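*Asks:* Chain residues, written in single-letter form:
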Amino acid sequence: MNLSKILKNGFLILVASLVLSACATQKTTTTTGQMQGDVYTGSDSVEYLASGVPDRVFFATNETVLTTASRETLRKQAAWLRKNSKLNIVLEGHADERGTREYNLALGERRANSAKDYLMTYGISSDRISVLSYGKERPVDSGSNPLSWSKNRRSVSVKAN
Amino acid sequence: MLFRYLLLLLILLPIKSFALIEVDITRGNLSPLPIAVSPLSIDEKSRENFKKILKKENIGAEISIVVENNLKQSGLFNPLNKDAFLQNADIANLKPRFEDWNLIKAQALITGKVTLVDEKLRVEFRLWDVLAGKEMVALAFTTVPSNWRRVGHIIADKVYERLTGESGYFDTRIIYVAEEGPKTKRIKKLAIMDQDGFNNKFLTLGNELVLTPRFNPTNQMVTYLSYFRNLPRVYLLDIETGMQEVVGDFPGMTFAPRFSPDGKKIIMSFAQDGNSDIYTMDLENRIVERITNHPSIDTSPSYSPDGKYITFNSDRSKFQQIYVMNSNGKNVKRISFGRGLYGTPVWSPRGDLIAFTKLHKGKFYIGVMRADGTGERLLTENFYQEAPSWSPNGRVLIFYRETKTNSKGEGFSAKLWSIDLTGYNEKLVETETDASDPSWSSLLSN
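In order, the protein sequences belong to chains A and B.
When we follow the numbering used here, the leftmost residue of the first sequence carries the number 59, and every step to the right adds one.
When we follow the numbering used here, the leftmost residue of the second sequence carries the number 1242, and every step to the right adds one.
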């Protein structure tokens, strides 16, 4: 099941990037935000826990799987947390507005845990990480379009102390 | 509870029923029944006294307006313009001249009288079949004057009941989440109002995020989700005393609460380590039971009115779909098989239907299906809408709708809407602020 999930996800990203590159050949405009598949890959709204350590990772619609870029971000966070061993973090999980409120609360919790699990595999103790889901309650971007929604599907690591 | 002591219902005359006029509520009603709501007559002394107590010029006329608006909002009745009335309210109350009412095409007529008796408001009313020239209902109520709007709601309920053969839904309240501020920093408060939007009250201050309030069907308790101290947990609130408490002692987020039909249990989701399952807690002995145990997201549970089954949504088949299971969690069956995602199932108080939210090709729908998943019917389509809640008679659904923002991210709003089970009579429910997550109470008088 996991494998098929990963394959499917990879396939989606692949198909979508083909579509994107096809678009890119027609239009040469640069946008402030970018998506690969429907995962946000831009830097708009991203903040930094420390120099070179982005605070958030993004997800595909209805998905909780971490992308390659997300895993890279989380490895940087793990390294930073190892260096700052007295710091604890809260992982705030979010969903976009295109889902029912209650399901989105569960989805936000799952996304934050997906990030937490990854940090733990890089040696961060679960005692240092708490999880808080906001569902669709705290979007960073108030737009009603695919790009805005992609910025809102996120897990943000916030310093807890 | 308190209301029951204040409101004394006295039945004056039991009526033998051989109704000639009837309102069919099973189809969309394209020709609402013409009804004349004569202002309730009032003697000069009572009028003066009520004016002092309630600051209303003529309380008889005010009550009749409440009745009239309710009937009109239901979409089943067409209250006639009072300017056309030929017979004076005082005389109509004594003996209606049916020819006069027939002439203005009224098929039903409501007359009545208001008096002040021992500092109390006493209201008599009668419903007449104009064509047959017969009295259909006659009732009198005595209550404290401040309850005057409720008297109007109760009269409308009795009229609705007599003419449709089903119980009414006007003497009810809506609990909801009042919203203010920008979309990225919404301030949310619990609020309660009468079904017609009057007597709005805020129940929390907005210091913490609150979501999904739901009424206990048997009393004035409410369960909801609060982010108090950044710990999202299900709470129980007594709206008469203001007392509140956390439900259960869970080491993580609890959410999506709802009462069992007997009001003795709360069913909700508990999220832990990325997995949400359904639990119940008995409010008397505090015993917590786990109902589902599955690595998927299981949430938005709702009991059948007999308490034997639970419907919920789960993504165990990869995407969000609706399931039904026995109340002990056994015998889980998927019931939604249409195209798209299905969520927020809510069992009708009549037991036959489940209302839901559906997402398909970027549009949100409110719909109903039978408890076995057959007979799916979509009632309304929009950019974003969800979370239907049933009127206590199972004829009307209230839900919330959000607007699409423009290219600058402006223009967001959230409002309550209601729609008839037939798919007709879609209406905006006016609220002081933006609003979401409505929950309809049971009938207050019964």
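Keep in mind that the hints were calculated from the coordinates and are not lab data.
On a predicted model such as this, the values are computed, not experimentally measured, just so you know.
Just so it is clear, CB atoms sit at the ideal spot from N, CA and C, and this is done for glycine as well.
Do not rely on the hints blindly, as some may be mistaken.
[Claimed, not checked] Take a look, some chain A residues computed to stay more than 12 Å from chain B by CB distance:
#1 Q92
#2 S109
#3 P112
#4 R129
#5 E130
#6 N162
#7 K174
#8 Y180
#9 S184
#10 R186
#11 G193
#12 G201
[As the list claims (entries may be wrong)] Label-pair ranges, simulated between beta-carbon atoms:
#13 A:R140 with B:E1421: 20 to 26 Å
#14 A:R140 with B:V1529: 35 to 41 Å
#15 B:T1644 with A:S101: 25 to 31 Å
#16 A:Y180 with B:G1664: 25 to 31 Å
#17 B:D1503 with A:S101: 52 to 58 Å
#18 A:Y106 with B:Q1513: 26 to 32 Å
*Asks:* Now look at each hint and say whether the structure bears it out.
*Replies:* Status of the hints after comparison with the structure:
Listed as outside the interface, A:Q92 is consistent with that label: its C-beta sits roughly 18 Å from the nearest C-beta of chain B, beyond the 12 Å cut-off. Listed as a non-interface residue, A:S109 keeps its Cβ farther than 12 Å from every Cβ of chain B; the least gap is roughly 26 Å. The beta carbon of A:P112 is kept farther than 12 Å from every beta carbon of chain B, the shortest such distance being approximately 20 Å. Non-interface status of A:R129 relative to chain B is upheld: no Cβ of that chain comes within 12 Å, the nearest being about 16 Å off.
Every beta carbon of chain B lies more than 12 Å from that of A:E130, the smallest distance being close to 21 Å; the non-interface claim holds. For A:N162, the requirement that its beta carbon stay farther than 12 Å from each beta carbon of chain B is not met, with the minimum near 10 Å. Some Cβ of chain B comes within 12 Å of the Cβ of A:K174; the nearest lies about 8 Å off, and the non-interface call is violated. Its beta-carbon lying about 17 Å from the closest one in chain B, A:Y180 satisfies the requirement of being farther than 12 Å from that chain.
With a minimum CB-CB distance of about 9 Å to chain B, A:S184 fails to clear the 12 Å threshold, and the non-interface call is violated. Chain B leaves A:R186 outside its interface by the beta-carbon criterion, the shortest separation being 16 Å against a cut-off of 12 Å. Against the 12 Å criterion, A:G193 falls within the reach of chain B, whose nearest CB is about 8 Å from its own CB. The claim that A:G201 lies off the interface is violated: its Cβ sits roughly 5 Å from the closest Cβ of chain B, which falls inside the 12 Å cut-off.
Roughly 42 Å separates the CB atoms of A:R140 and B:E1421, a value that falls outside the hinted 20 to 26 Å. For A:R140 paired with B:V1529, a C-beta distance near 38 Å keeps the hint of 35 to 41 Å intact. Between B:T1644 and A:S101, the C-beta spacing of about 29 Å keeps the proposed range 25 to 31 Å intact. Taking 25 to 31 Å as the suggested C-beta distance range, the pair A:Y180 and B:G1664 does not conform, at roughly 54 Å.
Our hint of 52 to 58 Å for B:D1503 and A:S101 holds, since their Cβ atoms are close to 54 Å apart. Range check, A:Y106 to B:Q1513: Cβ separation about 30 Å, and the 26 to 32 Å hint holds.
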